[in-house]
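K.L.:
Listed below are the residues making up each chain.
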Amino acid sequence: MIGNEDIRTPVPTIYGGMREQFADLWKKQVAELKAKFGGTIEAVKMPGVDLVEVPVIYVKKDQVIEVLKFMKDQEGFRYEFLADLTAVDEESDPRFEVVYNLYAVFTSHSRIRVKCKVREGEEVPTLVNVWPGANWAEREVWDMFGIRFTGHPDLRRILMDERWVGHPLRKDYPLRGYQLFPTPEPIDPKLLD
Amino acid sequence: METRAEKITESLGLGNSQHYNITHDPDDIWDDSRVIINIGPTHPAMHGALRMVAKLNGETIEKSYCMFGYTHRAKEKLGENRTYHQFVVYTDRLNYCSALNNNVTYAMAVERLMGIQVPDRTVWLRMICCELARVIDHFICLGINAVDLGAFSFFLYGFHQREEAYTLIEKLCGARLTTSYTRIGGMMHDAPEGWEKEVKAWVARTRKVIQEMDELLTTNKIWRQRTVGVAVFDKEDCMKYSFSGPNARAAGIDHDLRRDQPNMFYKDVEFDVPIAKNGDVFDRYLVRIEEVKQSLNIIAQCCDKMKKGPIWTEDKRVRIPDKDVVHNTMEGLIHHFKFFMTGFDVPEGEAYTVNEGANGEVGFYIVSKGAPRAHRMRIRGPSVWHFQGLTPMVEGEKIGDMVAALGSINIIAGELDR
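These protein sequence lines are chains A and B, in that order. For the first sequence, my numbering gives the first residue as 3, with consecutive numbering after it. For the second sequence, my numbering gives the first residue as 15, with consecutive numbering after it.
Derived by calculation from the structure, the hints in this document are not laboratory data. Beta carbons: idealized from backbone N, C-alpha and C, even for Gly. One should not assume that every hint holds.
Examples of chain B residues lying across from chain A (beta carbon under 10 Å, computed) [claimed, not checked]:
hint : residue
1    : V67
2    : Y79
3    : A88
4    : E90
5    : K91
6    : N95
7    : D251
8    : M253
9    : F257
10   : S258
11   : K337
12   : Y366
13   : V381
14   : W399
15   : G403
Generate the whole structure from the sequences, applying the supplied hints.
P.N.:
Right, dumping it as structure tokens:
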């Protein structure tokens, strides 16, 4: 194993690689998604062809919840475990990508990734109604990237103080952009109603 | 002149709002007697700098919310500003109870992006590290949970073995807590001569201790009354809140990444995945006790199967040059300088690499643009998702049981805040 192999090279044994195991399943699932949602699926990146380790499905942001719900409940998919929800600042025209990492925990044990591209200032529909656990992850995306989620029940900052200005994980936020507050974050009794 | 009490009330944001107290409902016998209490960020019952604000009705939690971020160190931002090699030390400070596990997961994530495969000995060594970390983490979780509920001696049984495990880790890498043991494509050092034997002796001793701990507490009447049926989080709730690891297995989710999506050589070792079904504090305790036993089995098997051999990959991109080459040749010196000052380029691509950590699914989602620094370094800590589940878990429970619930899901603030 010497040389310039990268992610295109399958190293299935020790890194939990799944390319051979799930190649057929993924192809079937992608075809089914394309047939069902058609133009909603903007692009698909497949492992072995593109520089990804699992299929990445780019979905138009308005339909992303329908697609995720379908992938959660549909027989043959059953991606019931929301492994991660995050975002990436791509510094290109649709500036951000919201990333959903899914895992079929009870059935095939395969993973898949759904992404939607978001411009600055645009909103993404919230996933809280499908997975209540997405609540804090979405709050973190808002806190760190400034992407708002439509219909989110409680979109406050989570890691940073409520009084913080700016969104630290944006590429244009300085590395040492410290902000200090003399008092702790106050309790909000309204949250307890 | 403002009194001190008024100042505090105001700083807590309770200045003019007394409305939480009064419902004006004639049937509500608790009207005008609800209290809001604030626990944390620095409170003995809170594990790390966590904060919970709860509205109490008598002793019962009616509604609560959690706050964290007090130890936020911007690790994801640092991941974008440090080279891949420099970031190894930051992974220690994620889940500091099982630092080795984070080291291994991070190394695997970068190696996977680069298509590097490490030698067999390294993989076995990493597996031992992971399992040692799991045992240590479970000991601290079980012990602290028991201390919170008043069983102090139980904690000391585990703590002694934990210290011995730390001594073993110290022999590996010189540090006890912040290990930074892995490198991309290898390990910091090989294990010293005879280390496997010491580990096996430790395993034999620990087996006895965990058996003793099991007997001490599992059938204990007080412990059972305090934990059975408390803070129940069933299978559906676990799936809603993305619970993983022992907390999910306690609710009957038959899933373990080591078995279902095996990385490293977990295919080649035999172990059982313990499952409970109720998802209460007691079941989480039982699952952890059994997992310690299984981890000890895995460690013993790894020690037997580990053979002598190289620990570094031959790949020149990531291999740290040997010290005699650095000190005696110009090329070696340049290589050394370039390696540590500029770092190595990781090919373009993205990967989400997971490992079964002590608390659940630890994941690194790395997006590389072909530079020596990551474009995005996302860390998925299981504690975030578990802590989120605490609010629905303790609703309707007594305030004292909140302490039991918090201890049983093992929140590590370092992993939570990142």
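K.L.:
Go through the hint on V381 (chain B) and say holds or violated, using the shortest Cβ distance to chain A against 10 Å.
P.N.:
With Cβ-Cβ at 6 Å, under 10 Å, it holds.
K.L.:
Closer than 10 Å between Cβ atoms is the bar; does N95 (chain B) clear it against chain A? Give me holds or violated.
P.N.:
holds, 6 Å
K.L.:
Holds or violated: is there a CB of chain A closer than 10 Å to the CB of E90 (chain B)?
P.N.:
holds, 6 Å
K.L.:
Taking the closest Cβ pair, is F257 (chain B) under 10 Å from chain A?
P.N.:
holds, 8 Å
K.L.:
Holds or violated: the hint that W399 (chain B) contacts chain A, with Cβ atoms closer than 10 Å.
P.N.:
holds, 6 Å
K.L.:
Grab the minimum C-beta distance from Y79 (chain B) to chain A and call the hint holds if it beats 10 Å, violated otherwise.
P.N.:
Result: holds, 5 Å to nearest chain A Cβ.
K.L.:
Hold the hint about M253 (chain B) up to the distance rule: shortest CB distance to chain A must be less than 10 Å.
P.N.:
Where the cut-off is 10 Å and the nearest Cβ of chain A is about 6 Å from M253 (chain B), the hint holds.
K.L.:
With chain A as the partner, please determine if G403 (chain B) meets the hint condition of a C-beta pair closer than 10 Å.
P.N.:
This interface hint holds because 7 Å falls under the 10 Å limit.
K.L.:
Classify the hint on V67 (chain B) as holds or violated, based on whether any CB of chain A lies nearer than 10 Å to its CB.
P.N.:
Holds, because the Cβ-Cβ distance from V67 (chain B) to chain A comes to roughly 5 Å (cut-off 10 Å).
K.L.:
Is the interface hint for K91 (chain B) satisfied, with its Cβ closer than 10 Å to some Cβ of chain A?
P.N.:
Where the cut-off is 10 Å and the nearest Cβ of chain A is about 6 Å from K91 (chain B), the hint holds.
K.L.:
Is the shortest C-beta separation between S258 (chain B) and chain A less than 10 Å?
P.N.:
OK, holds: S258 (chain B) within 10 Å of chain A, min 8 Å.
K.L.:
So, as I understand it, the hint says A88 (chain B) touches chain A; can you test that by seeing if any CB pair is closer than 10 Å?
P.N.:
holds, 6 Å
In summary, the one numbered hint that this structure violates is 11.
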